[in-house]
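**Q** Given these sequences and hints, build the entire structure.
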Amino acid sequence: MRPLFQLFALLLSTALVAQPVDWPFIHADLEPSIGHARSRSGAPSAPLYHLSDTIVVRVTGYVKLDGSCSGGTPLYGFQRKEDDAWVDYLPPDRIQMCCGMPDAEWVQQTVALVPAHVAQPAYGKPWVPGEYRAVILLVGDQELVGPPFRVVEGE
Numbered sequence: 010m011r012p013l014f015q016l017f018a019l020l021l022s023t024a025l026v027a028q029p030v031d032w033p034f035i036h037a038d039l040e041p042s043i044g045h046a047r048s049r050s051g052a053p054s055a056p057l058y059h060l061s062d063t064i065v066v067r068v069t070g071y072v073k074l075d076g077s078c079s080g081g082t083p084l085y086g087f088q089r090k091e092d093d094a095w096v097d098y099l100p101p102d103r104i105q106m107c108c109g110m111p112d113a114e115w116v117q118q119t120v121a122l123v124p125a126h127v128a129q130p131a132y133g134k135p136w137v138p139g140e141y142r143a144v145i146l147l148v149g150d151q152e153l154v155g156p157p158f159r160v161v162e163g164e
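All residue numbers for the sequence shown refer to our numbering, where the first residue is 10 and numbers rise by one.
None of the hints are false.
Label pairs and their calculated CB-CB ranges: (1) G163 to C107: 35 to 43 Å; (2) A113 to D93: 30 to 38 Å; (3) V116 to P156: 16 to 24 Å; (4) E91 to L60: 14 to 22 Å; (5) G163 to R103: 28 to 36 Å; (6) G109 to R159: 26 to 34 Å; (7) L39 to G80: 18 to 26 Å.
For the record, the hints were derived by calculation from the structure and aren't laboratory data.
Using N, Cα and C, we set each Cβ at its ideal position, and we do this for glycine too.
**A** Structure (structure tokens):
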């Protein structure tokens with residue numbers, strides 16, 4: 010009896026692995042979102058970065074990419090809290106290159122947003138301590154705004 014069961018299990022597992030999976034229908038109902046990683050202890054905490062840090066987020070949604078040949082970087086920017094209002098600090102660039110993919114469907118895709126790279130002195134807005142939010146452009150030019158995070162001086 011046992012060899013018969015093992016043969017059945019082997020055949021069933023082979024049949025299940027061989028089945029094609031249509032992932033887009035699974036992801037289509039997910040709500041677009043931006044999330045920050047948890048603290049090292051695993052407990053939720055307010056995201057905190059230093060001036061020299063790279064902002065790392067997980068993105069879910071149908072994201073508009075920059076179209077560069079080097080891969081999938083979303084079109085993104087940042088908002089900064091000034092008094093009680095959120096203002097565009099570095100609005101998302103809306104220009105795509107024509108070398109790579111124009112968009113992608115992401116589910117909890119980890120992406121590094123490099124504020125020091127986009128906030129060069131040429132933009133007139135250096136990256137300074139304060140409260141910010143990431144803004145990622147979705148297909149259809151809809152802006153996806155992430156949760157607030159703080160940037161502080163130091164390493």
